[in-house]
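*Asks:* Read off the chains here:
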Amino acid sequence: MIFQTIRQQQPLIHCITNYVVANFQANGLLAIGASPVMADDCQEVEEMVAIAQALLINIGTLNDRTKSAMLLAGIKANALGIPVILDPVGVGATTYRKETVRHLLENIQFAVIRCNLGELAAIAGVDWQQKGVDSGQGTIAMEVEATSLAQRYQCIVIVTGERDFITDGKHSQWIAGGHPQMTEVTGTGCLLSAICGAAYSVSHSPYQQLMETLTYYKKAGVLASAFTADIGDFQIAFLNAIHRLSKDGAASCIL
Amino acid sequence: MIFQTIRQQQPLIHCITNYVVANFQANGLLAIGASPVMADDCQEVEEMVAIAQALLINIGTLNDRTKSAMLLAGIKANALGIPVILDPVGVGATTYRKETVRHLLENIQFAVIRCNLGELAAIAGVDWQQKGVDSGQGTIAMEVEATSLAQRYQCIVIVTGERDFITDGKHSQWIAGGHPQMTEVTGTGCLLSAICGAAYSVSHSPYQQLMETLTYYKKAGVLASAFTADIGDFQIAFLNAIHRLSKDGAASCIL
Amino acid sequence: MIFQTIRQQQPLIHCITNYVVANFQANGLLAIGASPVMADDCQEVEEMVAIAQALLINIGTLNDRTKSAMLLAGIKANALGIPVILDPVGVGATTYRKETVRHLLENIQFAVIRCNLGELAAIAGVDWQQKGVDSGQGTIAMEVEATSLAQRYQCIVIVTGERDFITDGKHSQWIAGGHPQMTEVTGTGCLLSAICGAAYSVSHSPYQQLMETLTYYKKAGVLASAFTADIGDFQIAFLNAIHRLSKDGAASCIL
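Protein chains in written order, with my numbering: chain A, 14 to 268; chain B, 14 to 268; chain C, 14 to 268.
Just so you know, these hints were derived from the structure itself, not from any lab. Errors might be hidden in some of the hints.
Same chains, same names: a pair is fine if it fits in one copy or spans any two.
Claimed, not checked - Listed next, the in silico DSS-like pairs over lysine-lysine satisfying Cα-Cα at most 25 Å (straight line):
hint, residue 1, residue 2
1, Lys144, Lys111
2, Lys144, Lys89
3, Lys260, Lys144
4, Lys144, Lys231
5, Lys89, Lys183
6, Lys231, Lys183
In this text the structure is predicted, and so the values were computed from the model without any measurement.
Whole structure, please, built from the sequences with the hints as guidance.
*Replies:* Have a look at this one:
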């Protein structure tokens, strides 16, 4: 199982990420046996990404300093063949985020874009009412837009929600499961993007293994929700769940 | 009950805040059904605050970049009638914090100032020995100074401590309760300020509903302390408690 | 016991630290009765450190702004006789970190350097393959290099790992114990550095009391691991454990 493979190979994931979820992301990566490293300054990101197995770019609390670091790190990762994951947090909320994401997409070849429905709509240029960094409301031909995005940027696109959708532009798949509590804790989407980086870096067939990643991430949500209905406990139970899955694999899913 | 109203209306709270408590604040807002969004750069805060129902300005780990963002966001929020909450973290500790708070107070109309005793003393210009971001020691005519502050800046002033004091410059109220463990976890004051933003944004009579917010926040502390004497557990139990209060209301308080 | 002494004296620890572990560090310091204050801007660090009992410099997510603040704060602390702790997080990973640490060591008199094996190798100029902020792999004459570092910079050097090593350049000691789960949660090393600052600030014989700090920190790991094999729970159980040790002392160690 993919979490077990990550634990065996212990990839180093360089995260240029937001300060809201940095701790949760670091602990989540450690929970499945990956090594996180957070570094976001232009003076060191090229060297840091060069020793990493994947790069995560998350625009959650961006500014011009970290935006420059994202570009440098992404271009360097491309030159070295290191997969880059984009998490366009709240891209629909401001012009600055939209322009940053456009600029990143123009200059970096991403391996995976992991977003929610509102973020997909913003990237696709669909009219949409984004609510901060949450998904928001509107109407979008989701499968069409996600597939088109995957084709345009030659990458895998993952749109998470009640059901997840994954496409590489040719194939696509819906993944059901999970639990609503996953949306009541900050950073579950951000952590998933980081884990997608880890999964991609240890994979020979990324599309298949990212499908498995989504499947088991949802299972972790179900496992955690079985332990508690309380939202403080849930964030801890969720880390416990991905930890167990990375150790015992599917066996952990038998409650 | 106010937490239930927040859960029903799900206001978006734009936080310009410190990186120590950002995760706890985000999870705490989510726990009562509000939506947090953290964004602190001048390039986007005006657009971000425009889609929010309240703005929180917390000076915990400020620098000139975020200070400028606080000013831009606050002025924009005023123009749009969006309530702004000030949390003057550790304002008495350094000249930079004092001058920043003075500058913010001169340029932004705050709806609420939420502070501790040491911070009140610093803003009021009373001689006081602040201990970092903790309350510190000294003598202050607290009711007089808080009321005077509320009158001068035409806002509600909340001074939290063993007992909380709230005043709108005309009325005032003491609120007892709570538990000392609340001071042993970082960010309980910061989270309260963010929740005051949420409460204000959904209220027709903010003064009343902020009183209720303070009352139930203290009840949450008591609820959490009933579950554990351990301080690691307490931060989680506290999130559980506000979560339950926002779902079940006063029923959660019957242990 | 040292944690009890810290709780009695409640030292204020000024942390210039990384945003990944800031929350965990703050809660960890609070758990043993110390007061954390995070402030990292040049405009205020000299004033902030002047009211603190110790200064922690942690280069985890550094940039030129915070690097300048580290220098200013460290030089001021030296002038005032306030102990300064260096945590050279991931110093071997990039040239920027190496040069920053060299610059800090040249300009600030540190009381303690707390690092892992890979970080020691990088400072000592030994060939080593650092893995991000983790220890990495290589061969090093550890006792020799740590002792040499302690002599060169006239400070106490602590190298943590499966066994910890402490030296003041004349004496040295190995400390066994602990639990592997301590490396599976982000920030246990960073928190230890902050606690070393607290311990140093309340000590008449720092070398002895830092040995005790290391001993009880490892006991806390064992205590926490006795409660859970799950990694989410462990971070909470660890805060509980240091909290108990600071209240009950060695009595907490009888399981």
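*Asks:* Against the structure, test the hints numbered earlier, and report the numbers of the ones violated in rising order.
*Replies:* Structure breaks hint 5 only.
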